[in-house]
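Enquirer: What follows is each chain in one-letter form.
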Amino acid sequence: MEIAGIFKYLYEKLASTGLSQAWVDIISYSVAALIVFGFLAVVALFLVWWERKISAHIQQRFGPMRTGWHGWLQTIVDMLKLIQKEDITPATADRPVFYWAPIVAFVAAFMAYVTIPFGAGLIVSDLNIGILYIIAITTFTIISLLMAGWGSNNKYALLGGMRSAAQVVSYEVPMVLAILSVVLFAGSLSMVQIVESQAKIYQWYIFRLPFGPIAFIIYLIAGTAESNRTPFDLPEAEQELVAGFNVEYSGMKFAMFFFAEFVNMFTIAAIGTTLFLGGWQGPWLPSWVWFMLKTLALVFVLMWFRWTFPRLRVDQLMEFSWKFLLPVSFANLIIAGWMKYSKWFNW
Amino acid sequence: MEGETSQVIFYLLSFVIIVSAIYVVTLRNIFHSALFLILTLFGVAGIYILLHAEFLAAVQVLIYVGAISVLIIFAIMLTSQLANKEIKQSNEQVTVAIFVCAGFLMASLGSLANTVWKLTENPLPEDNTLTIGRLLMNEFVLPFEVVSVVLLAALIGAVVLARKEGA
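So the sequence lines, in the order shown, correspond to chains A and B. Using the working numbering, read the first sequence as starting at 1 and increasing by one per residue. Using the working numbering, read the second sequence as starting at 1 and increasing by one per residue.
Pulled out of the complex, with its shape left as it was, chain A reads as follows (with noise of 0.2 angstroms):
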């Protein structure tokens, strides 16, 4: 079953009743920010959830079991701990900026949904600018990272932030070069025409050989380290760094941090599954339900890697990304750019 119609419906009715224009619009975007915030506050329950048992089952464990079926209460407990917590700040630390710090990671996360389109006319707004206004928004992840690190006054959060900005900065430039051989071939940078251009399964942009599955790999890895997950975990290494730029967090505000994290790692899958595996595009089941299976598999991906793969080295996970993504990626895009002047593989 489609759920846009039900949107399209209340929308229509709010502006029959005769308000003005502003403020339906007000109205109607508030509306859309509720729906959107409980969606990702259910998305990050699940999620955190849902790592934990891969891990578990990767490790040859079982995981949470005692809270619900197969523990899927467990994170919602946890929650309700989180809350009660304590909230701590450390007697030295930079009291507006350790305070600001997690609330520009919370908003910077969930920013980036403005522009998602969740299914068939499922999208907040429909920017012309779609994947340039997430690659710019999301910037300000980096912000509050340098921010938590600073702010704590403590020496393994002040490493883990510049790491984690450092490492962010770099791996942007290679993502944000697969990004644009999707953008070159699709003609248009909003988000809604990207997804309409791949409307067969052979013309999704992993398809499309030879650029697609190489601009999907290198979105992949860049993604990855952009959320700074294992094998790029440095910012939080804890062996090294204890638990990086969060460590003088707690309570509510560590809970803050942790939600932007998981909501982080959505929007790289769902980013993904919008570039190169259709969007909302598929056969029988209800447009929404395809983007969620497609970018919950990509989540999984995600994971999988995590609890697979051991952790780089700083110079290795900069040599990576300078030595050899970035000029795979460029080439990537003249391959790119030629195939699309040529008209060669036009489908």
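Hints are computed from structural coordinates only; laboratory data are not their basis. It is possible that some hints are incorrect.
[As the list claims (entries may be wrong)] Computed from the model, here is a short list of chain A residues facing chain B with C-beta under 7 angstroms:
hint	residue
1	A22
2	W23
3	N128
4	I129
5	L132
6	A136
7	T139
8	I142
9	L146
10	W150
Computed from a predicted structure; not experimentally measured. No residue lacks a Cβ here, since even glycine has one placed at the ideal position from N, Cα and C.
Position chain B relative to chain A; hints supplied.
Expert: Frame of chain A; chain B shown alone:
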């Protein structure tokens, strides 16, 4: 957007921009100044959106917030003996600086007042990213390429400076 709403938003944004810009130059803690600089630049991106220049707004956030501010914060973090220090904000050249700033202000006000702004009644192009791309690749291709060469020169210069002697 309706005229009144956009005017309210314009004043709100301008307020945020001006207040945070004042904080950038007056705050004693240089890290806080950098954060307010980010807020200022983000506010300017908001003004761009109000002017229907979405592409410019996204690029503004991407480059100024994502790259330049991060660079500034890195420089602050990597400078030793800077943490939590109250830094003196003026030196003995304060009078000279006032004259230079006043001159710059006069020059920019003068050029603002003398420019004839091209106003058009036509609706804006629906996809102005496309228009910007076309213009960059046709009419303004030479300045565009010159800017890339300047950036390349800066990149090579940075590599040369960063390289260890004899390595």
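Enquirer: State for each hint whether it applies.
Expert: Outcome of the hint check:
The interface hint given for A/A22 holds, since its Cβ lies 5 angstroms from the closest Cβ of chain B, which is under the 7 angstroms cut-off. Annotation: interface hint on A/W23 violated; nearest CB of chain B at approximately 10 angstroms, more than 7 angstroms. Taking 7 angstroms as the C-beta contact cut-off toward chain B, the hint placing A/N128 at the interface holds, the least distance being around 6 angstroms. A cut of 7 angstroms between beta carbons decides the hint on A/I129: the least distance to chain B is about 5 angstroms, and the hint holds.
A hinted interface residue such as A/L132 counts as satisfied when its beta carbon comes closer than 7 angstroms to some beta carbon of chain B; here the least separation is about 4 angstroms, so the hint holds. For A/A136, the suggested interface contact is upheld, since its CB lies about 4 angstroms from the closest CB of chain B, less than 7 angstroms. A distance limit of 7 angstroms between C-beta atoms decides the matter here; for A/T139 the minimum to chain B is near 3 angstroms, and the interface restraint holds. Restraint check, A/I142 versus chain B: the minimum CB separation of about 6 angstroms is within 7 angstroms; hint holds.
The interface hint given for A/L146 is met, as the beta carbon of that residue sits about 5 angstroms from the closest beta carbon of chain B, less than 7 angstroms. With a cut of 7 angstroms, the hint placing A/W150 at the interface with chain B holds, because the nearest CB-to-CB distance is about 6 angstroms.
Comparing the model with each numbered hint stated earlier shows that hint 2 is the single one that does not hold.
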